[in-house]
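**Student:** Sequence:
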Amino acid sequence: MSRNNAGLSAERIIIEALRIIDGMGLRNLTMRRLGDALEVEAMAIYHHFPLGKEELFGAIVEHISDPQRPAEPTDGFDDEDDEPPQEPHHWYDRLRDWAHAYRAALLRHSGALPLIIHRRPDTAVALHSAELHYAAFAEAGLTPAAVPAAAASLDAYVVGSVVHQVRDEGLASREPAVIDSRFPTVAALRSTDPDHDGAFDLGLTALLRGLTGFSG
Numbered sequence: 000m001s002r003n004n005a006g007l008s009a010e011r012i013i014i015e016a017l018r019i020i021d022g023m024g025l026r027n028l029t030m031r032r033l034g035d036a037l038e039v040e041a042m043a044i045y046h047h048f049p050l051g052k053e054e055l056f057g058a059i060v061e062h063i064s065d066p067q068r069p070a071e072p073t074d075g076f077d078d079e080d081d082e083p084p085q086e087p088h089h090w091y092d093r094l095r096d097w098a099h100a101y102r103a104a105l106l107r108h109s110g111a112l113p114l115i116i117h118r119r120p121d122t123a124v125a126l127h128s129a130e131l132h133y134a135a136f137a138e139a140g141l142t143p144a145a146v147p148a149a150a151a152s153l154d155a156y157v158v159g160s161v162v163h164q165v166r167d168e169g170l171a172s173r174e175p176a177v178i179d180s181r182f183p184t185v186a187a188l189r190s191t192d193p194d195h196d197g198a199f200d201l202g203l204t205a206l207l208r209g210l211t212g213f214s215g
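The numbering of the sequence shown is numbering that gives the first Met the number 0, which starts it at 0 and goes up by one.
FYI, nobody ran anything at the bench for these hints, they're computed from the structure. Glycine included, each C-beta is placed from N, C-alpha and C at the ideal position. Don't take each hint at face value.
[To be verified] The calculated label-pair distances, taken between Cβ atoms and stated as ranges, are:
no., residue 1, residue 2, range
1, D192, S172, 32 to 42 Å
2, A155, G57, 15 to 25 Å
3, A137, R173, 46 to 56 Å
4, G212, E38, 51 to 61 Å
5, G140, I14, 19 to 29 Å
6, L126, V185, 14 to 24 Å
7, G22, V162, 38 to 48 Å
[To be verified] The calculated SDA-like cross-link candidates involving lysine to any residue, where the alpha carbons are at most 25 Å apart (straight line), are:
no., residue 1, residue 2
8, K52, E38
9, K52, S172
10, K52, R107
11, K52, D92
12, K52, L114
13, K52, W97
14, K52, R32
15, K52, L37
16, K52, H89
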């Protein structure tokens, strides 16, 4: 195995760490395993993250939470003819696009959800999202006092919906309860296949319209 550090970057370390988390789970991410995956000595990672794993965890959270980040890593080459995507003008579209993009990122890297839940959103990336939310809700006509609560509700809805889907698709309990006459409504609807995408979009529409009174 080559242990050449050439080409090692913080971005490459984060992406490889997420591959390990996605494939093996958060608890199996170690600096040694990450170094092996990157074909470098583990100590080389500390050149980019001097504080170790906790600093790396923070960078992973920022990577996932960045609403402007492409869905998949690029090869480092940009097409000069490509123009950057235009931000939707209407506040409603901006909020919806952010919600769908953030949900998609969380679902891609659901193994990192504990990192997001246990870290305060006070980084530049988190404040970028807050700025987007605050500006959009203010544009929608909410009072200054109502804007932070609306933004918190939107964030909670997206994260909560992802947690619900991941849990729904997770491992069954060792002793799952029998769905019988004790749960008549659940029993009647048990054959209904869940539509997580449709449910998310329906709930998002209801939330935004309920918070703002928007009917467009």
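**Student:** Indicate, hint by hint, whether the structure satisfies it.
**Tutor:** Against the structure, the hints:
no.: 1; hint: D192 x S172: 32 to 42 Å; in the structure: violated (20 Å)
no.: 2; hint: A155 x G57: 15 to 25 Å; in the structure: holds (21 Å)
no.: 3; hint: A137 x R173: 46 to 56 Å; in the structure: holds (49 Å)
no.: 4; hint: G212 x E38: 51 to 61 Å; in the structure: holds (56 Å)
no.: 5; hint: G140 x I14: 19 to 29 Å; in the structure: violated (41 Å)
no.: 6; hint: L126 x V185: 14 to 24 Å; in the structure: violated (42 Å)
no.: 7; hint: G22 x V162: 38 to 48 Å; in the structure: violated (20 Å)
no.: 8; hint: K52 x E38; in the structure: holds (18 Å)
no.: 9; hint: K52 x S172; in the structure: violated (31 Å)
no.: 10; hint: K52 x R107; in the structure: holds (21 Å)
no.: 11; hint: K52 x D92; in the structure: violated (37 Å)
no.: 12; hint: K52 x L114; in the structure: holds (12 Å)
no.: 13; hint: K52 x W97; in the structure: violated (28 Å)
no.: 14; hint: K52 x R32; in the structure: holds (12 Å)
no.: 15; hint: K52 x L37; in the structure: holds (15 Å)
no.: 16; hint: K52 x H89; in the structure: violated (40 Å)
In terms of the numbered hints stated before, the structure departs from hints 1, 5, 6, 7, 9, 11, 13, 16, listed from lowest to highest.
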